[in-house]
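Trainee: Given next are the chains, with one letter for each unit.
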Amino acid sequence: MTVLQKKAANPIGHLSPEDIEEIGRRLDEIRAEVIASRGARDAAYIRKVISVQRKLELGSRAVLLLSIFPPAWLIGTAGLSVAKILDNMEIGHNILHGQWDWMRDPKIHSTTYEWDHASPAEQWKHAHNDLHHTFTNVVGKDNDLGYGIMRVDEDQRWYPLYLAQPFWNFVNALFFEYGIAAYDLELGKNLATKERRQDPAFKARAKQVLKKIRGQMTKDYVVHPLLSGPSVLHTLAANAVANMIRNVWSHSVIMCGHFPEGVETFEKKSIDGETRGEWYLRQMLGSANISGGRAMHIMTGNLSYQIEHHLFPDLPSNRYQEIAPKVRAIFDEYNLRYTTGPLPKQVASAWAKVFRLSLPNDFAAKLRLGRPVGPGRAGLPAT
Amino acid sequence: MTTFASDPRARTTFRSRLRDRAWQVAAAATHPRDPADYLDMFRPLRAGADLRARVVEVRPENSNAVTVVLRPGNAWRGHRPGQYVRIGLEVDGVRLWRSYSLTSAPGDGLITITAKAVPDGVVSAHLAQELRPGQLVHLDQAVGDFVLPDPAPAKILFVTGGSGITPVMGMLRAGLGRFEDAVLVHSEANADAVLFGDELRDYAAAGHLRLVEQHTDTQGRLDVAALADVVPDLAERETWACGPAGLLDALEEQWSGVLHTERFRTPLVEPGEGGSVTFSATGTTVELDGATPILDAGEQNGVLMPSGCRMGICFSCVLPLRSGAVRDLRTGEVTTAAPGDGVLVQTCISAAAGACDIDC
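Quick note, the sequences are listed as chains V and L, same order.
Each residue of the first sequence is one higher than the one before, counting from 1 in full-length UniProt numbering.
Each residue of the second sequence is one higher than the one before, counting from 1 in full-length UniProt numbering.
Some hints could be false.
Per label pair, the in silico range of CB-to-CB distance [said to hold, decoys possible]:
hint, chain 1, residue 1, chain 2, residue 2, range
1, V, L226, L, R265, 54 to 62 Å
2, L, D359, V, K48, 33 to 41 Å
3, V, G39, L, D50, 42 to 50 Å
Footprint (simulated), chain V over chain L, 3 or more residues, beta carbon under 8 Å [to be verified]:
hint, region
4, 42 to 48
5, 245 to 254
To give an idea of the interface, some chain V residues facing chain L are shown, with a C-beta separation under 8 Å as derived from the structure [to be verified]:
hint, residue
6, D42
7, A364
8, K366
Calculated directly from the structure, the hints in this document are not laboratory data.
The beta carbon of each residue, even a glycine, is placed where N, CA and C say it ideally should be.
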């Protein structure tokens, strides 16, 4: 039995196996169209973003040399925050997905790119591309769901420790890049036993992470502050704030991708023998978009098109908004819920869930924190 | 300390050490990126950068060929006439590398290449239609041993066909005074189609060389066996030949004198069975026929493959074959690796001969 039957309103109960395979076929078609038309326009786009990011970073760092003056501090910190966000989201995340590998440019390639982030690209790619994107929203398999420290689903057993999860979530947001690094290292699991702690493979990876963090820290908290002379402390503070803004921003965007109300989670058993169509369907129901303007899409690395991204993780990010209407048409035709909303609403919705699940189910129900209409988990039809 | 300041060698090391230190600070400031990534935005042609060139001019050479004049970056080490260069162009957003003979004389800071239109050739079409002055292209250092010795032999014969004239053009332009007695036998469809036709005829008219044109539209293909009819002292001449494979094969078979050849394409044997190729580092697996070079297949599937001449000469594309078998497309020879072997194979001229695992 899948979780499907447990639900009051099963979001995919009306689909036949043929429907699901037809959805898969049509999505494959959209994918093929984009691949056939990738070209100079796309290459020019990513090169432009990279050029803007680098110039903004250089400019902001230059302004911060005078960060002792408050306007310089404000402008420099704002610019550096945006530069770091661009590096992590539209550039780093997407290059590391292999979205730009087809250009054959060794500087814009998933195997060579390294980003301004605590987690080494190599380890992040494994945890993110191989695990999260494969097992999206499968409880117990997709560690992105709550990062192993939070209760993310009504069916997860409640412990008193979860009362503090809003606080954990907030701390995780502030230091998100380190949270990701720890998570990519599977730190919790690997520190649990002596045997795991002493595993040479784990030790080598831990060393790699520490080296990366040391480089990042030296840059932001030693070299640039010292170069600013009398502004040393101001620059140090500016860099810390810029890192934190980047962390909170990316944490919010990522929470919006899989956590708002309306996004489905799945049982481990439900993905046994999953077909291509069913995999697509899980991505469709397990992701949520953010609506907004062009700047919003670029600043989220086009993860505002999380649904499109999860369907086609390796298509160039600038194409997601082009295919979104076609993808949405498929949702509409098959009467599926295309979850989307403005950033503040989605962030609030995700946070509401964090708070609700910090309480035992019956207690939350009593406080009328119950789920809004049509939420919960879906299972795919048994195959 | 007094000797320190006056000793020029000590000063140089001091300066270079200072420069190294400054670079280290810059690297710490740009971590995890290289300071060069930022410098490249402003000075892509500086000495320490990856070699690039700025397009100075693109001009039609004749109805179906285009000449591109380039100003290489400061890292350019120059070339010898007759050598070729690899150029990396962004064609439809994809970086494609091709080799071209240099047609300019070394020395004035500019280099030229001349490319003939190839049917369905995306790169030659790009050169002719998309490339504009001011754009940057990627470049490798000049390579190749199709060059003249210094001094040049007294009696020289050049045998060329079609765009095979390009490396010889580089030699001629580098100094006609070097040639005491040079003969050029050139084969082309007709007089109008001859690349650099006017220039060659001017050289001949000025007495720098004897030019024999074979127009295949009217006179048929150049018969190597009958070359002695037009060049009676053939045996005394050291020969440089470049052109279609058929011409070069015939020359290599029948020649008794000293012969240097330059091939633009590698002759390949009949393909064998293909197989599935796994690029283990990237985790990509593709099904290949027995005729597709592993290099091409890898590139088409987004694997960042090292590449070079693409004809089995330069060994830039060599990768370890972890297991399985590949077939040399030139000779048909099969190379087999037991799991864990890591036999180095040239991916540009190797095709799958059964399932194999390439470490890339």
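Trainee: If you test the structure against every hint from before, which numbers come out violated?
Mentor: Numbers 3, 4, 5, 7 and 8, in rising order.
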